[in-house]
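S.K.: Could you build all of it, start to finish, from the sequences and the hints given here?
There are 2 protein chains.
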Amino acid sequence: MLELLEEHGIVDNFRRLSGRKQAPRRGPLYTDSDLYKWIEAAAFVLQSGDQPELRATVDRIIDDILAAQEPSGYLNTYYQDDKKALRFTEMQRSHELYCLGHLLQAAIAYYRATGDRKLLDGGIRYANYLIDKRPLLTGHPELEMALVELYRTTGERKYLDLAGYLLSGVETERLHLKPSDVRYMFSGIPFTSRTVFEGHAVRAMYASSGATDYYAETGDPAYRSTLDTLWADLTQRKMYITGGVGSRSSGEAFGDAYELPNGAAYTESCAAIGNMMWNFRMLAISGKAQYADVIERALFNGINSGMSLNGTLYCYRNPLASDGEKIRNEWYDTTCCPPNLERVLASLPGYYYATSKDGIYVHMYGPSELKWRLEDGTPIEVVQKTTYPWSGDVALTVSPEKAADFAFYVRVPAWSRRTSITVNGKSAGAARSGEYFPIRRTWKSGDQVELRFDMTPQLMAANPRIPEDFGKVAVGRGPLVYCLEHVDQKGAIPDLLFANPGAAFQTEWRGDLLGGIDVLRHGGAELGKPSAQQPLYESFGAVSTKPAELTFIPYYAWANREPGAMEVWVPVQVSDTRR
Amino acid sequence: MLELLEEHGIVDNFRRLSGRKQAPRRGPLYTDSDLYKWIEAAAFVLQSGDQPELRATVDRIIDDILAAQEPSGYLNTYYQDDKKALRFTEMQRSHELYCLGHLLQAAIAYYRATGDRKLLDGGIRYANYLIDKRPLLTGHPELEMALVELYRTTGERKYLDLAGYLLSGVETERLHLKPSDVRYMFSGIPFTSRTVFEGHAVRAMYASSGATDYYAETGDPAYRSTLDTLWADLTQRKMYITGGVGSRSSGEAFGDAYELPNGAAYTESCAAIGNMMWNFRMLAISGKAQYADVIERALFNGINSGMSLNGTLYCYRNPLASDGEKIRNEWYDTTCCPPNLERVLASLPGYYYATSKDGIYVHMYGPSELKWRLEDGTPIEVVQKTTYPWSGDVALTVSPEKAADFAFYVRVPAWSRRTSITVNGKSAGAARSGEYFPIRRTWKSGDQVELRFDMTPQLMAANPRIPEDFGKVAVGRGPLVYCLEHVDQKGAIPDLLFANPGAAFQTEWRGDLLGGIDVLRHGGAELGKPSAQQPLYESFGAVSTKPAELTFIPYYAWANREPGAMEVWVPVQVSDTRR
Chain A
1182 MLELLEEHGI
1192 VDNFRRLSGR
1202 KQAPRRGPLY
1212 TDSDLYKWIE
1222 AAAFVLQSGD
1232 QPELRATVDR
1242 IIDDILAAQE
1252 PSGYLNTYYQ
1262 DDKKALRFTE
1272 MQRSHELYCL
1282 GHLLQAAIAY
1292 YRATGDRKLL
1302 DGGIRYANYL
1312 IDKRPLLTGH
1322 PELEMALVEL
1332 YRTTGERKYL
1342 DLAGYLLSGV
1352 ETERLHLKPS
1362 DVRYMFSGIP
1372 FTSRTVFEGH
1382 AVRAMYASSG
1392 ATDYYAETGD
1402 PAYRSTLDTL
1412 WADLTQRKMY
1422 ITGGVGSRSS
1432 GEAFGDAYEL
1442 PNGAAYTESC
1452 AAIGNMMWNF
1462 RMLAISGKAQ
1472 YADVIERALF
1482 NGINSGMSLN
1492 GTLYCYRNPL
1502 ASDGEKIRNE
1512 WYDTTCCPPN
1522 LERVLASLPG
1532 YYYATSKDGI
1542 YVHMYGPSEL
1552 KWRLEDGTPI
1562 EVVQKTTYPW
1572 SGDVALTVSP
1582 EKAADFAFYV
1592 RVPAWSRRTS
1602 ITVNGKSAGA
1612 ARSGEYFPIR
1622 RTWKSGDQVE
1632 LRFDMTPQLM
1642 AANPRIPEDF
1652 GKVAVGRGPL
1662 VYCLEHVDQK
1672 GAIPDLLFAN
1682 PGAAFQTEWR
1692 GDLLGGIDVL
1702 RHGGAELGKP
1712 SAQQPLYESF
1722 GAVSTKPAEL
1732 TFIPYYAWAN
1742 REPGAMEVWV
1752 PVQVSDTRR
Chain B
1182 MLELLEEHGI
1192 VDNFRRLSGR
1202 KQAPRRGPLY
1212 TDSDLYKWIE
1222 AAAFVLQSGD
1232 QPELRATVDR
1242 IIDDILAAQE
1252 PSGYLNTYYQ
1262 DDKKALRFTE
1272 MQRSHELYCL
1282 GHLLQAAIAY
1292 YRATGDRKLL
1302 DGGIRYANYL
1312 IDKRPLLTGH
1322 PELEMALVEL
1332 YRTTGERKYL
1342 DLAGYLLSGV
1352 ETERLHLKPS
1362 DVRYMFSGIP
1372 FTSRTVFEGH
1382 AVRAMYASSG
1392 ATDYYAETGD
1402 PAYRSTLDTL
1412 WADLTQRKMY
1422 ITGGVGSRSS
1432 GEAFGDAYEL
1442 PNGAAYTESC
1452 AAIGNMMWNF
1462 RMLAISGKAQ
1472 YADVIERALF
1482 NGINSGMSLN
1492 GTLYCYRNPL
1502 ASDGEKIRNE
1512 WYDTTCCPPN
1522 LERVLASLPG
1532 YYYATSKDGI
1542 YVHMYGPSEL
1552 KWRLEDGTPI
1562 EVVQKTTYPW
1572 SGDVALTVSP
1582 EKAADFAFYV
1592 RVPAWSRRTS
1602 ITVNGKSAGA
1612 ARSGEYFPIR
1622 RTWKSGDQVE
1632 LRFDMTPQLM
1642 AANPRIPEDF
1652 GKVAVGRGPL
1662 VYCLEHVDQK
1672 GAIPDLLFAN
1682 PGAAFQTEWR
1692 GDLLGGIDVL
1702 RHGGAELGKP
1712 SAQQPLYESF
1722 GAVSTKPAEL
1732 TFIPYYAWAN
1742 REPGAMEVWV
1752 PVQVSDTRR
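Line by line, the protein sequences are chains A and B.
In this text, residue positions in the first sequence follow the working numbering: the first is 1182, and each later residue adds one.
In this text, residue positions in the second sequence follow the working numbering: the first is 1182, and each later residue adds one.
Just so you know, the hints here were simulated from the structure itself, not pulled from any lab data.
Take the hints with a grain of salt, since some may be wrong.
[Claimed, not checked] With a cut-off of at most 27 Å between alpha-carbon atoms, the simulated DSSO-like pairs for lysine-lysine come out as follows:
#1 A:1507 - B:1359
#2 A:1710 - B:1469
#3 B:1507 - A:1359
Source: prediction; values computed, not measured.
M.R.: Given below as structure tokens:
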């Protein structure tokens, strides 16, 4: 990624300002943020253990960045030099505050990884530069989250207050913002006046993330009420089954309620990432498993699909159906998604476990080791062994440094219809789907918790109000949404139907395929005559079919082989009851 | 309509140029065409018999129009006066040639109705003004049709040649037309290079109509091949079951193949009219009933829906599903559709019958009287008695002035599965659906032809490639497409399902309802819990239902009562085979 950023002049944009390089500025006005996201990704990696070579590289880049910073603190490669006069005059499009937000997030992650304050101090200088400047507008929300995190990092209330100002939307009139502007930007009016998601999906997710952070630190009930309303709007009316969000290419925007087209889905990788980031914050303020279910849905499906299995090609859109057009590229002119995918995957260790006053939570499943402390200071280690999501068996070894009473909360995913939980071989009680199951006891080093989730493949149906999904099923297994991809089928995808929904799937582990996956097979049917040769309209029940086997792969793994059609929602064969 | 045109200053736009009125010009740059369409409508009415008051009104308007014409022949209320310098400099948007096309069509219709040449001569002066002007571009095709008709009316080849020049698309480079321009305008490149419908639907339909007219007069086989290719693209991939065309609001445009959303359908009234006009021309060059089937589909459904039952409110869009938003208005800023609906309904007598060398065709069914002549000059009268489309029984009395051998072609609609045809009470033979049935004999005055079409309600299914229609049915009866409208149902429309497709419909004549219609009733189901309260995704088969009766009305008659939801494609209840 850094090689690509160098190749496209994104780092040179800083070097030209410091005189280290003679070159014209390249790329759209928000390119600084892409480099910051790369630094944040690298910093997350460094948080899990030092890597001297990577750290040296990051240090060199940070040095290039800081050398471009003005003495005033201002730092933006587009609005320094010849565009200086435009600074803060076109905040609806400028991405100035957006870039600062990414700078601060990178700086905080790097500071936490290394203890080195240099990038953090640079970020703080810029933040202080505009702390009293008015009016301000986050045309693309992002800075709100970063400011709350800066407050947490420095303890300085003024950053939290600035986040509150940005969320307050008090500058609508002074900035002459039109209704269409504030709808698109998801900023510029009071966040607490929002009732539905609309406009640019990434902006809406980032704004909601920032608002949740702000609520976490202030407890302002108006925010909580708005966040709950918006979450219901998202999860009951506007989210894809993959956790992707944003239905329309035009404006990279949310659609109306139930407007969730499959092939036309925009579902930008950054928007699914924003959805996960927001739900992580909702989880943190509530401890409710419904948010972790959305995190998992987005992570394993609509986010994971964004990066190719070899890690070098990226999706900008993550549609739920395709006729085989090229979807993965190593670079985009607006290349927000690739480094965003890198930073979110690098940040995953932070999503697995959390503590509360009375114990510790296991949010996510996957092989991992936690070395942390309970909130009373007791050091604790948790070792998680599993091949999740292929198996539903998870073994956790809980080792507090000394015997301690606390609750060990294990998340029971909503999709697991039957779950068993044992502690040292004995049942811990009946677990309910979609909740955290608290195991309260005196824990001592080496205690064993074993979970067994129900990984039976499931058929899902969509709300009948979603126009494109009626009469179709999606296949899920554990947290994974599956799909049909052309290369695995004998028939052509738009002509394949799902048959006999009551029959079981065959599950087969294929270690040689797509990095190792469980393949699912099920009986289906193929149209007797290809749909492309059939009339546009004909008598109901006139279509003939022949049996066919359907082979499903996890959605995230599609588009890693030869190009071809794909679909998540598969039409169900309807028998003509007149015959 | 004329009152509305006066009220909005559309006629005054002419009067201000002649000094008869002091007023600023009003409305978009194409308003002249709306008045011309009104004149053409009035002229079609006058073709069926003189109405002195209407004629006097038209004469007065024509006088106002011609008083505004420049001595040069140029006539366009937007590009005379202060905008004169822009004339022919912005033909991609100017609608100059479009307005001339409508002027010529109005003039020809009026001339045919009355024999009065004054408007025709005015149109010819303008046509002659630009006969050698180059480059020309029909940014909105329309003039092509009018020029071929002017050639037919005057016998002057230069008008046909000008139509050929406009269709030839030889000015692409000289006018610096971009690919996106020629796609949107459906002009500017050779018509014969087209292979698919794309861009602005009305422009595409008008261009195809003009190209068919040109083919009819020249026989150029390249045109025929292109027209056949485009017709297959339209009817196999891009036409709604209502005969409406144009899927996207953005650009008022065609979508991709099978992109036929219901609620979001643009389906402009003018585009359905264009579809009918084009198919009438395809019918004229071929004598094939498949084109008449499209005419009937568009006329009885996607066009007829465009005007309210009381004739004063118009649809611009004619979607196939609605959540109840206001769809009919008496006026639009771009008011192309209302006068277009008037002229097409007024022109219907011209669609019913046609002659060929060997006889006479009955294209359309409806109570009517024809007084015309065979192509050998024999005067003939045909009287058609029927309550079609409510009844499938049609009685035709064929009365040549003297006994004559000729073929009497009766159209057997594609939807009629069983058709009986008798002549003077005796079977005329086995009729095939979707073809013209020729009855060859020696006809004498008073011969009786009786047709009986199969009016059993039918369930239609869409090609599985149409994303929004899978698992749904549309109800048809004869030429009419039916729909569910909110006010007739006990349950809420998005929560109603079609059940038991094998059961028969109940048909009930309701003379008191919506101007008199046959209502269709069928068993259905209603979701046990409203869809708005159901989760976005849940286990397949988990939805409970209760029985409900569905009441269908003809699609054309919707939105004439209290506002409410409507849908043409009704989801079919799928039984969960696992139970």
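S.K.: Honestly, which of those hints from before does the structure not fit?
M.R.: none
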